[in-house]
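Asker: We have chain F already, so just place chain C on it with the hints.
There are 2 protein chains.
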Amino acid sequence: MSSRSLPTIAILGGTGKEGPGLALRWASVGYPVIIGSRQLEKAQATAAALNTAQDQVTVQAMENGPAARQAAICVLTVVQAAHQAALEGLKADLQGKILVDATARVDFRDPRPPAPPSAARIAQEILGPGVRVVAAFQNAPAHTLKKNLGGALDTDVLVCADDLPAADQVIQLAQTAGMRAYYAGGLDNAIVVEGLTSILISLNQRYGVKTASIGVTGLEKQAA
Amino acid sequence: MSSRSLPTIAILGGTGKEGPGLALRWASVGYPVIIGSRQLEKAQATAAALNTAQDQVTVQAMENGPAARQAAICVLTVVQAAHQAALEGLKADLQGKILVDATARVDFRDPRPPAPPSAARIAQEILGPGVRVVAAFQNAPAHTLKKNLGGALDTDVLVCADDLPAADQVIQLAQTAGMRAYYAGGLDNAIVVEGLTSILISLNQRYGVKTASIGVTGLEKQAA
Numbered sequence: 062m063s064s065r066s067l068p069t070i071a072i073l074g075g076t077g078k079e080g081p082g083l084a085l086r087w088a089s090v091g092y093p094v095i096i097g098s099r100q101l102e103k104a105q106a107t108a109a110a111l112n113t114a115q116d117q118v119t120v121q122a123m124e125n126g127p128a129a130r131q132a133a134i135c136v137l138t139v140v141q142a143a144h145q146a147a148l149e150g151l152k153a154d155l156q157g158k159i160l161v162d163a164t165a166r167v168d169f170r171d172p173r174p175p176a177p178p179s180a181a182r183i184a185q186e187i188l189g190p191g192v193r194v195v196a197a198f199q200n201a202p203a204h205t206l207k208k209n210l211g212g213a214l215d216t217d218v219l220v221c222a223d224d225l226p227a228a229d230q231v232i233q234l235a236q237t238a239g240m241r242a243y244y245a246g247g248l249d250n251a252i253v254v255e256g257l258t259s260i261l262i263s264l265n266q267r268y269g270v271k272t273a274s275i276g277v278t279g280l281e282k283q284a285a
Numbered sequence: 062m063s064s065r066s067l068p069t070i071a072i073l074g075g076t077g078k079e080g081p082g083l084a085l086r087w088a089s090v091g092y093p094v095i096i097g098s099r100q101l102e103k104a105q106a107t108a109a110a111l112n113t114a115q116d117q118v119t120v121q122a123m124e125n126g127p128a129a130r131q132a133a134i135c136v137l138t139v140v141q142a143a144h145q146a147a148l149e150g151l152k153a154d155l156q157g158k159i160l161v162d163a164t165a166r167v168d169f170r171d172p173r174p175p176a177p178p179s180a181a182r183i184a185q186e187i188l189g190p191g192v193r194v195v196a197a198f199q200n201a202p203a204h205t206l207k208k209n210l211g212g213a214l215d216t217d218v219l220v221c222a223d224d225l226p227a228a229d230q231v232i233q234l235a236q237t238a239g240m241r242a243y244y245a246g247g248l249d250n251a252i253v254v255e256g257l258t259s260i261l262i263s264l265n266q267r268y269g270v271k272t273a274s275i276g277v278t279g280l281e282k283q284a285a
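Which chain is which? The protein sequence lines are F and C, in order. Just so we're aligned: 285 in the numbering used here is position 224 of the first sequence, and the numbers increase by one with no gaps anywhere. Just so we're aligned: 138 in the numbering used here is position 77 of the second sequence, and the numbers increase by one with no gaps anywhere.
Okay, chain F solo, but in the shape it has when bound (with noise of 0.2 Å):
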């Protein structure tokens, strides 16, 4: 067991979509993982299907409240609907945590843009300063996170966050995870990543795929 100084990490709202692939391709790398939900028994049943797919796999299952405790790190993959209620909940389990926000605000039935505030932005606004939230993988294709693990996937991913420091852990957790990771500015510019998705569904409607993604290039430096 090499994860003795890892962080652990709690995926809050971890039995939708996006949570399992990031638990997964966390705890593959040796992060102690635990999936949160605010019923215990889908946390432990989501547990139990990532252990038994995977075999060099442990991620334990808790509460909501409890999984944020015990973690120093906070993944939130609620839908957008749950997003204010679930952080209100959590305030006091959060203080003094890395939040990361992967809310996805974008509705499949009407998937226009959204408007400002960033989804994070609100959550900084809720869980007041004692919490350092950070914005990322509201676009991580969660049907690909599961595949290739240990290896590198074909993902960027673009970081938002006031607090610098905790961009840089996330952005350092990401990669860890097989994926590319970029700081792009506070936690505003959040509204913009929360936007790509309703880019992302038109591109895979008007090109007839699933797989449509949005990368970073052009940063590397130049002569003159």
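These are computed hints drawn from the structure, not numbers from a lab. Any given hint could turn out to be false.
A pair holds if it fits inside one copy or across any two, identical chains being indistinguishable in the list.
To be verified - Okay, derived cross-link-like pairs now, BS3-like style, lysine-lysine, Cα gap no bigger than 27 Å in a straight line:
(1) 208 with 282
(2) 78 with 282
(3) 271 with 208
(4) 207 with 282
(5) 271 with 282
(6) 207 with 78
Answerer: Just chain C, lined up with the frame of chain F:
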């Protein structure tokens, strides 16, 4: 002259940073191009500079109104502060045309993402249903447009429009100018593309470059 069958393109407000580069690229592949400005003298100065710098290129100069009336496709490259007044002044001249709105919404001194509606949606509302509004080129890199004329640029253009045939014409126009271009949804989606400027500014600052760019991947159809 093989340009006889190509539509005339007017670059309205074409004396700024973005307009001349686009004008050059289209003129260099044979499109009749007119630089438009509120002041004829400014349009003439920009056109003269382009025609002097490039042997093979001849662009015309007119005031915005006559330029719009003579063109089939008009590309608006004004700054955000001039956007509404320019459209109101050109409403009559633009009827029946394609209006490509390239307005950059983000202010470099306060680079927060804009809120809906998108510039292109505002344009459609001002101009009415007789003008086919398409959003594109908001992030096209002004400094690279003038290089490698006739060759390919490593640039992806996200094209948003409610009018699909108009979008397809603009996609073709971008491709002819050496850029990759993709249909990225309706006019409301353009707010995300406008907001990408905020992301690019942050990426450039963080990574110490001026060349950050956003690209599309994953559009290849895959087996199963």
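Asker: Please flag the earlier hints that this structure goes against, numbers listed from lowest up.
Answerer: none
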